[in-house]
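Number of protein chains: 2
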Amino acid sequence: MQITFTGTAGAGGVPLYGCECMACVRARQQPEHQRRPCSALVETDQVRLLLDAGLMDIHERFPANSLTAIVLTHFHADHVQGLFHLRWGKGAKLSIFCPPDPEGCADLYKNSGILNFLHLEALKSFEVGDLKITPLPLNHSKLTYGYAIETESGSRFAYLTDTVGLPEDSMQFLKSWRPFSMAIDCSHPPKINRPANHNDYNLALDIINKVRPQKSWLTHLTHEVDRWQMETKCKLSSNLAWAADGLTVQI
Amino acid sequence: MQITFTGTAGAGGVPLYGCECMACVRARQQPEHQRRPCSALVETDQVRLLLDAGLMDIHERFPANSLTAIVLTHFHADHVQGLFHLRWGKGAKLSIFCPPDPEGCADLYKNSGILNFLHLEALKSFEVGDLKITPLPLNHSKLTYGYAIETESGSRFAYLTDTVGLPEDSMQFLKSWRPFSMAIDCSHPPKINRPANHNDYNLALDIINKVRPQKSWLTHLTHEVDRWQMETKCKLSSNLAWAADGLTVQI
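Keeping their order, the protein sequence lines are chains A and B. With our numbering applied, the first sequence corresponds to residues 1 to 251, in that order. With our numbering applied, the second sequence corresponds to residues 1 to 251, in that order.
By construction, these hints were calculated from the structure, which means they are not laboratory data. Wrong hints could be hidden among the right ones.
Identical copies go unnamed one by one, so any copy, or any two together, can satisfy a pair.
Claimed, not checked - Straight line, CA to CA, 25 Å or less: simulated SDA-like cross-link-like pairs of lysine to any residue:
1. Lys142 x Glu103
2. Lys210 x Thr68
3. Lys110 x Pro63
4. Lys93 x Leu247
5. Lys110 x Lys142
6. Lys132 x Cys234
Computed from a predicted model, the values in this text were never measured in an experiment.
Isolated chain A, as found in the complex (with noise of 0.2 Å):
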């Protein structure tokens, strides 16, 4: 299956509105190092699923018919917000895969216009196409799902935002889901104190060891964490990568 990260920011993106640390400028000059709302497009010989709505363009980006469903992570605005737009649109439903929140987000649940929301289970798979997905629990402060998700020929991804640490388990399954790669909520730079909705860097490393992935890329990224790794330098372990707005890696 091929991943691409359309977008890799926490909320706020990177730039910043108004914002002038050296990441944030270094965006505005270089639109490369721009980051958008997460999310991710999954692509198969049989679907295209983008996980999560919250880039503001994707009726822009995704005419209408070609996507196979949305799966969501949760309710917040950064994750849903392109579809306020969407929704008023014409034609065939769109199934939107997401946690059985029972608030959902402003009114998208009372007017949903071509949206079919579809409450899932936690860790109880569904199936898209040639997918087999798993949504597994996570700790934010709104009901959140990350999702494991596997091809029939058993290449497995794992897409886990937004989340500090992770349940037990959700752990346990991807421990015994090996082998596999993963992207994985890194949202701050390391903290002295363990933060309270997303990630640090110490955090999403602590999850890698314990999960040992093949292959993580680091997302939910923020200004901060940007601005952290260009004073650093820090470099990364070759079984770990920054996403990046645009990157397409083969799973």
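Given the structure of chain A, go ahead and fit chain B onto it with the hints provided.
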């Protein structure tokens, strides 16, 4: 004062996602016919005021400190969705004048970031720089204000979306406020039955005939209105015009 129609569409925009009607096909082929979320920029020597925040790229169009304030008509997503991103910015607070809607939209009040929401009282004027602005109650499915905007030199402009007809107190205000120019909701082509939440063409003209502005622009337009205009080749009288994205007028 100078008015720029930064967006002239109802929810869904033109082209509408997945629609192949003649208006939507034309808008895809000829970008000058595209319509983005209804909004307008009001500029004087002293202020730069954005009416509504549904444009999903306001953080790119209007860099930090380039807007004096934002004034919201109401909290439907297509009028506020650009704030979801903007709020996480850094620096000075941005004043968001708005109706006293207790709910707002999603978590905008709870996580307001750099936004400073300021609730307005109907028919009670407030000042921003050299502008005097009076909130006018409108008829809509959510608490909604139109705005009567006046410069120190006496130029007057009324911005009236989203509404179906006008409440009597707003009608009386405008009748005694002449002479002025106006932008008015025209979401539907002529309908046999009175529409629920937005003017059709007939209701827009009825309001215009009652309050008698010097010049009116029809806005909050949909692909249905554009198609009807293409089919009927409807000619407007000289004191009336279709708004268009990017159109700039002097009041």
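Hints, verified against the model:
1. Taking CA atoms no more than 25 Å apart as the test, Lys142 paired with Glu103 passes in both settings, with 10 Å inside one copy and 19 Å between copies.
2. Taking CA atoms no more than 25 Å apart as the test, Lys210 paired with Thr68 passes in neither setting, with 33 Å inside one copy and 50 Å between copies.
3. Only within a single protomer do Lys110 and Pro63 lie at most 25 Å apart by alpha-carbon distance; the minimum there is 24 Å, versus 34 Å between protomers.
4. With identical chains, the CA atoms of Lys93 and Leu247 are never at most 25 Å apart, being 29 Å at best within one copy and 35 Å at best between copies.
5. For the identical chains of this complex, Lys110 and Lys142 are neighbours both inside a copy (19 Å) and across copies (14 Å), given an alpha-carbon limit of 25 Å.
6. For a Cα distance limit of 25 Å, the shortest separation of Lys132 from Cys234 qualifies neither inside one copy, at 36 Å, nor across copies, at 54 Å.
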